Amino acid sequence: MARVIFDGVFKRYGNSSAPAVTDLSMEIHDREFLVLVGPSGCGKSTAMRMIAGLEEVSEGRIIIGDRVVNDLPPKDRNVAMVFQSYALYPHMTVRDNLAYPLKLRKVQKAERERRVLEAARMLEIEQFLDRKPKALSGGQRQRVALGRAVVRDADLFLMDEPLSNLDAKLRVQTRAELIKLHDRVQTTTIYVTHDQVEAMTMGDRIAVMSLGVLQQLDTPQNLYDKPANKFVAGFIGSPSMNFVDVQIEDAEGRLYATNPGGFRMRIPDSRGASLARFKGETVTLGIRPEHLVERNHFGGNPETVLPVTVDVIELLGNESFIYLNSGNAVLTARMSPEVKVERGQKIEVTAEPDRFYFFDPKTDAAVA
Amino acid sequence: MATIADPIRGTVMEQSGRRRGGPRNILKTVFLTGMALFYLLPIYVVVITSVKQIADVSTATMWELPTSISWGSYQQAWDSLSPNLAQSLRLVVPATILSALFGALNGYILSKWKFRGSDVLFTVMLFGMFIPYQAILIPLIRFLQEVGLYNSVAGLVIVHVVYGLPITTLIFRNFFTAIPGELIEAARVDGAGLLGIFFRIMLPLSVPAFVVVGIFQFTNIWNEFLFGLTIITNPAEQPITVALNNLSGSFSVDWSAVMAGSVLAALPTALIYILLGRFFIRGMLAGSMKG
Amino acid sequence: MATISSSVPATRAPIARRSLVERIGVGRMLLYPAMLYVILVTQIPFVLTIYYSFRNYLLNRPDRDGWAGLANYQRLWDQVRDTDSAFFAALINTVVLTAGSVILAVIVGLFFAEIVNHKFPGRAIVRTLLITPFLIMPAAAALSWKNLLYNPNFGFLDWFTTTFIPTSPGPNWLGDYPLISIMIYLVWRWAPFMMLIFLAGMGSISEEVREAARMDGATAWEEFRSITLPHLRRFFMLGSLLGTVYIFQDFDPIYLMTQGGPGNESTNLSFLVYRTAVSGSNYGLASAIGVVTVILSIIAVTYLVRLLSKVFEGELSDGR
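Protein chains in written order, with the working numbering: chain A, 1 to 368; chain B, 1001 to 1291; chain C, 2001 to 2320.
Calculated directly from the structure, the hints in this document are not laboratory data.
Do not take every clue at face value.
[Unchecked claim] Below, a list of computed lysine-lysine pairs in the BS3-like style, where the Cα atoms sit at most 27 Å apart:
1) C/Lys2119 x B/Lys1028
2) B/Lys1112 x A/Lys103
3) A/Lys109 x A/Lys75
[As the list claims (entries may be wrong)] Covered by chain A, according to a simulated footprint, are these stretches of chain B (three or more residues, beta-carbon under 8 Å):
4) 1176-1186
5) 1197-1211
Computed from a predicted model, the values in this text were never measured in an experiment.
Built from N, CA and C at the ideal position, the CB exists for glycine as well.
Using the sequences and the hints, build the whole thing.
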């Protein structure tokens, strides 16, 4: 069990100008399940591989427990890793795969067998112990890879997209099992994925990365409710948040968001204070598809509405995606199937006042 | 050629089975077999000559089957060549094993533990493949004389190991490149070191590469002529290739014995190819295509 | 386990440069000497050869040992301009022998492969038989060709010509046409190798692509031209490269069949190196020829790679 600290960590490859990881500082608590998420190439895997010792740290410090591990080889860091391809040793049986890390740590034979059996039981792979990886299904291989980590009694579990080679159904199932496993063994776990749904469902906290820079580190709910910037807002949530560039205009003491295509929306009074300083300037307006509501289905008295035209309707049964057009802005709305609209119909949509997000276009930072 | 399935007459499978026996194909087979046989005439002549009695060997009956089969020439060839065959074995077995092992180690390092300059190193090594043996013969002989290994099998083994390294390294490097890097990383996180990974993970996985390299080196060294001719001067100790030439160059040549000797000398490599050939070609292609 | 205390100052300063051992690990340190050894052992003899090529180094005249500068190369250069010289002959013979043998072996091998790749009764036997020439020890094969096929007195070819063309006395193959005779032998020996390579290539063409072509109405020839040939691009490269490397340096058949003769008619560069050193005892000159051979073989291979990739990229792009 251990905490992990990144302290001003940089990773540079060769002499390329942009570092793969830039000035990364964060603390991962003991027993935490932390998810590193971001699009491919954002540096999340590099960050994890630096913890494992598979990549050198160019600058800064990485601390596991109380030790600075920058110069330790992987075998001396007492971390266990689950790889995307599982990386099972193809020439060894499942039993030998599980026992191999113990053998390398000079664990006695009897103890070794006991722990292999225990891990196999926990992951329900006892009946496959004498098979080679080739003879296992994808899901079973995945469990063996997990077993190889569990058996170790490691300080830290590192998981590099461990579910991405499973089919969708198995992935959802294994997701739940991984959480249960973590509840049981309580080992600090760092989990890398590009899938925001995985991140939201699994992480105690989530670190969102982009272009080598940590964007926000927070609980799933806070990431969703209070994204720190436009990147996080767009990355978390599916379908993605709608973004429209708008001008902030002042008309008789009231603020309006307008855009040359004919888009014009009154800004809720509760948000006026923070937006007043952008008067006459451009900001990015963000609304999540699930927060857009047709005026007649809106619970309260809408303070502000947006006139739109229905472009395309996708009926999914339990919900429908409605693509809306307002001037030169295209919005996606996720609505209940009870909302009956037709293509070409002109409707008015709205949202709760605090469900409108605004971002400073210069810094992409959220305007509170 | 394609025929459309006739639902009345049965399945497509049956039809295509019938089609193969058509007259066009019989003609083709006859033609091809004839051509193959013509191509094999030299081997035919070698084999029948080897079982002829010396009196039967003449222009007029060159291509004819012998009147009686005589194994005497094989006995004769065996008597004069067996020391050289043994010598070739003493040479080829250690040289093959050593060059394969060193090649595996080199290939492992060059594919999985790249360091600054490792690619340059590899290129320089490959350059060794383009050096004709004649071009380095003189310094090589002088070196072997200096260290007292001239005229010995050990010297010949060293030469073959050293000059086998570029190709064995190439084959193993390409083979190991195909092994996923995550496997190495998993072993490192599990606690294995550089040599531990080599012996416990890489070697068990590289049996196919060893087959390829083994066959390649065995054949090359067994068939090699120039080093055998120049590094060992005593005819009784020269490898089989050179001994065969000596036999055919002796004053009164017994052709049936020479041909019997040729068959004997060719047997080990021919056997290996017939038994393991498919692995060889497959591995060889996999190896050199990526290089 | 080494434990480093966490009381290291928490500055953002770059980590101090660690020693080589720390950065690459002790295990890896062991590699440098090993790799160095490999380089030394495989490359030093050639470096020495280059060194000798700049010296007067005659085995029978030790008194004349010494630095020769470019004298050996000068002698070769003079010979290049003298069409009667041994070096000129060897140069031409090497090029003709290599190019001719490789081209013919590739064509014959491709032909065999295309035939054997189609199903017909007895295919397995034909295929095995066709490979046989490559399985025979080269020394044994060369000796057999020399003594049983090319022998002017009782060789098979002599028997063949005298039997079917009674008026003509059989040609003395190795005496009258030494280079062509050796080339025929080399093609005979290498065509099966090429066939094996092409067969492997043809085996890797997806059956679906072939079927699609047939559905589109391709004849057997069109299928071969538009599907098989483009797919074999890399296999052409491999076959002709390996063939070139080996035949360029081939020594055994020339030593065994003709000893480079008559005169210089079948002397190639490899054999000339040997003859200059062993019979001529002129190690300096032999080394110079060796160096030239290496340079030429590298040029030949480089040129071949360029040529082949250009030809195949341009005309037979296989859409990869």
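Structure-based check of all given hints:
A C-alpha spacing of about 11 Å is found between C/Lys2119 and B/Lys1028, which places the hinted pair at or below 27 Å, so the restraint holds. Distance check on the hinted pair: B/Lys1112 and A/Lys103 sit about 23 Å apart at the alpha-carbon level, within 27 Å; holds. Between A/Lys109 and A/Lys75 the alpha-carbon distance is near 20 Å, which keeps this suggested pair within the 27 Å criterion. A count of 5 residues in the segment 1176-1186 of chain B with a Cβ less than 8 Å from any Cβ of chain A is obtained; the coverage claim is therefore met, three being the minimum.
For the segment 1197-1211 of chain B, the stated coverage by chain A holds: 4 residues have a C-beta nearer than 8 Å to a C-beta of that chain, and at least 3 were required.
Hint compliance for this structure: no hint is broken.
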